[in-house]
Amino acid sequence: MALRSGAVPMQPYISLAMSLNRFGKSRDRGTTLSYRDRTAYALDAQLASLASAGDDSAFTTLVTRFQPAVFRWALMFAADPDEAEDITQEVFVRTYRELGQYRSDGPLDAWLYRITRRAATQMRRTRKRRGRLALSPGAQPLRDVYTTDPGGRVDRERAASVIRELFAELPRRQREIFDLVDLQGFSPAEAAERTGMKPVSVRANLFKARKAIRESLLATHPSYSELSR
Amino acid sequence: MTCEECLSELATGSLREMAADSAVMQHCATCPDCSRLTTLLRDREYNAANVLNNLPPMSNPITLAETAVSTAHRRRVGRIVVMLSGAALVVTIWFTAATLILPTMRSNGPTMSTLLTETIPLSCLSPQQAADIINPYVRSRGSTYYVPTSGISAITVRSTAAELAKSRDVIRKFENDPAAACRNTPADMLRKLSKDLSDAQIGNGQPGLASTKVPTTPERAEPKEQTEPKERTERKEPAEPKKQ
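Protein chains in written order, with the numbering used here: chain A, 998 to 1226; chain B, 1046 to 1289.
There could be a bad hint or two in this list.
Beta-carbon label-pair distances, calculated as ranges [said to hold, decoys possible]:
#1 B:Gln1071 / A:Arg1161: 53 to 61 Å
#2 B:Thr1112 / A:Leu1040: 18 to 26 Å
#3 B:Ala1133 / A:Val1151: 49 to 57 Å
#4 B:Glu1049 / A:Ala1201: 21 to 29 Å
#5 B:His1118 / A:Arg1126: 24 to 32 Å
#6 B:Ile1107 / A:Val1151: 19 to 27 Å
#7 A:Ala1201 / B:Ile1125: 18 to 26 Å
#8 A:Gly1148 / B:Ala1065: 19 to 27 Å
#9 B:Gln1071 / A:Ser1054: 53 to 61 Å
#10 A:Ser1054 / B:Glu1062: 48 to 56 Å
#11 B:Phe1140 / A:Ala1201: 39 to 47 Å
#12 A:Arg1124 / B:Thr1075: 48 to 56 Å
No lab work stands behind these hints, which were simulated from the structure alone.
Here a beta-carbon is modelled for each residue, glycine too, at the ideal position from N, C-alpha and C.
Can you build the whole structure from these sequences, using the hints too?
Here it is as structure tokens:
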């Protein structure tokens, strides 16, 4: 198909490496688990079992394995990457405490996701409660690592601006669903499984979130006023 | 496909899953406005996904795990301390209540439910006299007595069983005593005074007044009082209010 000038060819949002999640799990939409999935689940369950028995090295392995994913999930609940780091820390404290309650019949990452949601919600409430007494954001000191890693600081500021730009006005549910489906590449069914919502609700929230996020850009189109009538 | 249809699709559709041969893409190939908008939307979401998905966590996973373990241990100890403190607080409150507060409450006096009420009939004493007599004995918290104002010859006492019994005994003792002040009429008192006086005169060798008839009414006694010595008149004075 010949493209006119100005038209940009479509590119996949998430590359092949990104379409496989960080644990090597495929994003296949099928309901049957692949050998790779089953192996990953078995490994996670074994790690969780060892860690709950008091094996700290197994817990460290588990943290190393899941930290990037938990941090990424925390980003969608946080106002900036620093808050996401705090949520990540809290998630692993809770994980260590509640590992005995993990039933190995489900994927560990879904269980961790639920812990992340709970921790983020509770931390947000706590911050709101303490907000009146806290220092103003400008008065809070920067993390030490920013002085040694200016590049990291730039990346984080970009991430924070993306979060502000895309998610600031969205309700929490819509923000979560949009992030899971459109940015992280989960299917609506997987998002429903993780969030505990019905697939219909997931689709409805996704619909509303996309509309809210894209509306400002769509309004620049000459024909948008006719559409909005 | 028109621009409106394309915008409608772009507003809510998945840009990530948009195939190159889809209707939107075919329209974008012929419409620069829609193509520009589609590109902008896709770029923005692609960049957002790229920035967020590729942002690495800053903390070291080993440090993170160690911190998580130590924090979890510290919280567990904290929970135990809080539970023990709570238990100690409960025990302290219970102990304080059992050893200090309850005995103090018991020693402070009876509760309202242990007070008894009884009306004691009076045959000789007036209610006010009976009240004056029992006043020192009715002292516990909540105890009291009621003096009727309508002339009924009785007194109602509300008190503990012990105080009530004591009040009853004291009143009965005064009521049964023949020498009680309430039993002496003015005539009796005069007769007694005369006898005492004559006894005293006999002792001094003067004729006594023991045989003298004592008038039963104060009017008749008046002339004699004028003839009596001054000391007698003075000794009779306490009986004057009784006439009324």
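Legend entry - Non-conforming hints, listed in increasing numerical order: Going through the list in order, the structure violates hints 1, 7, 8, 10, 11 and respects the others.
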